[in-house]
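Chains as they are written, first to last, in my numbering: chain V, 1 to 260; chain Z, 1 to 260; chain G, 1 to 260.
Rather than coming from a laboratory, the hints here were simulated on the basis of the structure. Virtual Cβ for every residue (Gly too), placed ideally from N, Cα, C. Among these hints, one or two may not hold up.
Claimed, not checked - Pulled a few chain Z residues facing chain G out of the computed Cβ check, cut under 8 Å:
#	residue
1	A13
2	S15
3	K21
4	G22
5	P71
6	G74
7	S75
8	F126
9	G142
10	P144
11	Q146
12	A147
13	R180
14	G182
Unchecked claim - Negatives, chain G to chain Z, calculated, CB over 12 Å:
#	residue
15	I3
16	R53
17	P106
18	A108
19	Y117
20	P252
One letter stands for each residue in the lines below.
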Amino acid sequence: MPIITLTTDFGLADSYVAAMKGVILGIAPQAVVIDITHQIAPQNVREAAYVLRTALPYFPPATIHVVVVDPGVGSARRPIAARAGEGFLVGPDNGVFTYALPAGQPAACVHLDKPDYWLAQISRTFHGRDIFSPVAAHLANGVPLQALGSSIDDPVRFEMQPPRREPDGSLHGQVIHVDRFGNLVSNLPGGWLAGRIWTVRIAGRQIIGPSLAYAEVAPGQLLTLVSSEATLEVAVRDGSATERLGVAAGEPIEAWPRAM
Amino acid sequence: MPIITLTTDFGLADSYVAAMKGVILGIAPQAVVIDITHQIAPQNVREAAYVLRTALPYFPPATIHVVVVDPGVGSARRPIAARAGEGFLVGPDNGVFTYALPAGQPAACVHLDKPDYWLAQISRTFHGRDIFSPVAAHLANGVPLQALGSSIDDPVRFEMQPPRREPDGSLHGQVIHVDRFGNLVSNLPGGWLAGRIWTVRIAGRQIIGPSLAYAEVAPGQLLTLVSSEATLEVAVRDGSATERLGVAAGEPIEAWPRAM
Amino acid sequence: MPIITLTTDFGLADSYVAAMKGVILGIAPQAVVIDITHQIAPQNVREAAYVLRTALPYFPPATIHVVVVDPGVGSARRPIAARAGEGFLVGPDNGVFTYALPAGQPAACVHLDKPDYWLAQISRTFHGRDIFSPVAAHLANGVPLQALGSSIDDPVRFEMQPPRREPDGSLHGQVIHVDRFGNLVSNLPGGWLAGRIWTVRIAGRQIIGPSLAYAEVAPGQLLTLVSSEATLEVAVRDGSATERLGVAAGEPIEAWPRAM
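Looking at chain V on its own, in the form it has when it is part of the complex:
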């Protein structure tokens, strides 16, 4: 049973997500549709790209991932689909697959320009229902990627500010996601901090770490640890680091090796 995941900024109060599922099951009744999230902040393409990145490695390789965070719907932005390993990506060509289709790696990618694989009526504002859902369902049914559109080799990718290591041993990155608990997830790889103790600096505060678990500190205390995404995270035990520090995604974070 092919798996199709959905990541959108539609929320759950309207019928938008359900309409997509109805379209998919009408074309591919055997598909299993799994929500990644529908609570991407409206039009926040970068957040969608990040959330998709964190979910991708945990799905079977043949999964089809549909992302509809699409502020340019109805304009000249292209609808695209791409092969990613044994699976597929389907969505608008606006950078939402920046992590999933890394630059420098060859990827089969098509501009979805074959209306035979869309709904008969195409709205100007809801390609998630009218183009991306039917295309994903046809992929689930075994239609080859190349049948769905013309090959392209220039999918849009947004620029990323990679984390860096300075000659003095310090590490410099930024918060790239705030989760539901208020944990601040950074882009500093946990592996860079292995084997020694660090002073982490964020928002004028200094935290010695990383700790090994939330429970290592007292309730309400600030700590750092290596997150479930294997990057450095700043948290408050049984509390919210984003509230405590008053910072959000984009905030700089540094780690300095402590003298032994």
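We have chain V; now place chains Z and G onto it with these hints.
Okay, now just chains Z and G, sitting in the frame of chain V:
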């Protein structure tokens, strides 16, 4: 695999929705249960009717739609089920199927009065779990509609104020839904506006349109366009029209043809 | 098709829940994964235990229930699994199964200490994905409970303050849950109130009851009734009792028999 959809005002924090799914899967293990939404405003039967209407056309014809927005639960209001095309509707008889069972069209409809098809224990406050879910599951298993209750021909429908065209060419309707993005969805059919330019009046503002896509105007700008439901919509690009204009469902909206 | 339910405090904005589903479907593609809720208040083990209790009776007996409300993740708290009837419970050993594994009843229970049944990489902060999801999927595949860990007989249970009946006939309990409608659900068994009229006292107010249905009183009026969980509930028709009375879970509630 039969599809059963759920539309309720239960929210997602309690176990109400899960209890319904458990009951359904216990009776019809092969059913695929799809959420339309559980975030209908509490007891808002009209909103539920509208959201169901927008989802219905996108599901396979044999789908069974269950709606539980049921302020009269435990009172004399009837539990009902009805045939809708190849599929079925199941829920309280309070107008929630006003759009799905249009007046003037014959429809097979029953008063659910056969407890053999309910849970053994019936609570006073949760017929969604105790009556509607088991009935939907039995329908999925092929039990005929007529076995589930006595035929009725007077399901409750609420009055609708239809949009109208005046002899001077002006169009008069109202906002019937505000979606998660703050877009104001009206009941003015998009087809009425085809082929010319209009001045749309709402909340003391005038907007020239309709535009063809959100991206046709600058970020933050007010626009009108034909929505994904094929009716006239008022939106703010990358923003919220309901916040900008301070209006909600029920707000009058007019469109006047512009002199060429 | 085995059913696996999920109850967490992860919310729906991040990809945590989806990662669990991806892991489960990768190991047990035939599993049907059903959300109970992901909106348990962060780290609120008692609320999770209560919500699970209300859903459990409505699922088929062979269902596998996974709960991840896990403030002690990464510490010495044990990951556990237990047989519950024909089904299974999987989660942290922190009291979350207090209702589902009643004290005094023998239950097969294991400390999950066999990494062969986990993901290859175990994070310090997300055992829901790395341990509990793969264990649930292996149970769905028929792996015996005893293969997953060493037997234990002391799963953690939190203390409960049971409701009590006084010799004068009065009933004393507390609010144990507030639902999405603002209804106050108590732990007073509805059966204790059968057959006579009572004065219910809560927050300095007196309510004569129980009523048989919300619709028995006028909109906006306070009432009591026997809830869908068969316990005494305090509600406001078409309104919120938690807002009206300004009380939350833990609030004492009493019922006094009325002179005939």
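The hints, checked one at a time:
1. This hint holds: A13 (chain Z) has a C-beta 4 Å from the nearest C-beta of chain G, less than the 8 Å allowed.
2. Annotation: S15 (chain Z) was flagged as interfacial toward chain G, and the flag holds, the nearest CB pair being 4 Å apart, inside 8 Å.
3. Taking 8 Å as the C-beta contact cut-off toward chain G, the hint placing K21 (chain Z) at the interface holds, the least distance being around 5 Å.
4. Hint on G22 (chain Z) holds. Least Cβ distance to chain G is approximately 4 Å, under the 8 Å limit.
5. Interface restraint check for P71 (chain Z): the shortest CB-CB distance to chain G comes to about 6 Å, inside 8 Å, so the restraint holds.
6. At a threshold of 8 Å, the smallest CB-CB gap from G74 (chain Z) to chain G is about 3 Å, leaving the interface hint in force.
7. Against a cut-off of 8 Å between C-beta atoms, the interface hint on S75 (chain Z) holds, since the closest Cβ of chain G lies about 4 Å away.
8. Taking 8 Å as the C-beta cut-off, the interface hint given for F126 (chain Z) holds, the closest approach to chain G being about 3 Å.
9. The restraint placing G142 (chain Z) at the interface with chain G is violated, with a minimum CB-CB distance near 19 Å, outside the 8 Å limit.
10. With a least beta-carbon distance of about 25 Å to chain G, the hint placing P144 (chain Z) at the interface is violated under the 8 Å criterion.
11. With a least beta-carbon distance of about 27 Å to chain G, the hint placing Q146 (chain Z) at the interface is violated under the 8 Å criterion.
12. For the restraint placing A147 (chain Z) at the interface with chain G, the shortest Cβ-Cβ distance is roughly 23 Å, beyond the 8 Å limit, so the hint is violated.
13. Interface restraint check for R180 (chain Z): the shortest CB-CB distance to chain G comes to about 13 Å, outside 8 Å, so the restraint is violated.
14. Taken as an interface hint, G182 (chain Z) does not check out: its beta carbon lies about 19 Å from the nearest beta carbon of chain G, beyond 8 Å.
15. Interface exclusion of I3 (chain G) from chain Z breaks down, the closest Cβ pair being 6 Å apart, not more than 12 Å.
16. Distance check for R53 (chain G) against chain Z: the nearest CB is about 9 Å away, which does not clear 12 Å, and the non-interface claim fails.
17. Non-interface status of P106 (chain G) relative to chain Z is upheld: no Cβ of that chain comes within 12 Å, the nearest being about 25 Å off.
18. Once the 12 Å rule is applied to beta carbons, A108 (chain G) is consistent with being away from chain Z; the minimum gap is 23 Å.
19. The beta carbon of Y117 (chain G) sits about 25 Å from the closest Cβ of chain Z, which is more than 12 Å, so the claim that it is off the interface holds.
20. No beta-carbon of chain Z comes within 12 Å of the beta-carbon of P252 (chain G); the shortest separation is about 22 Å.
The earlier numbered hints that this structure contradicts are 9, 10, 11, 12, 13, 14, 15, 16.
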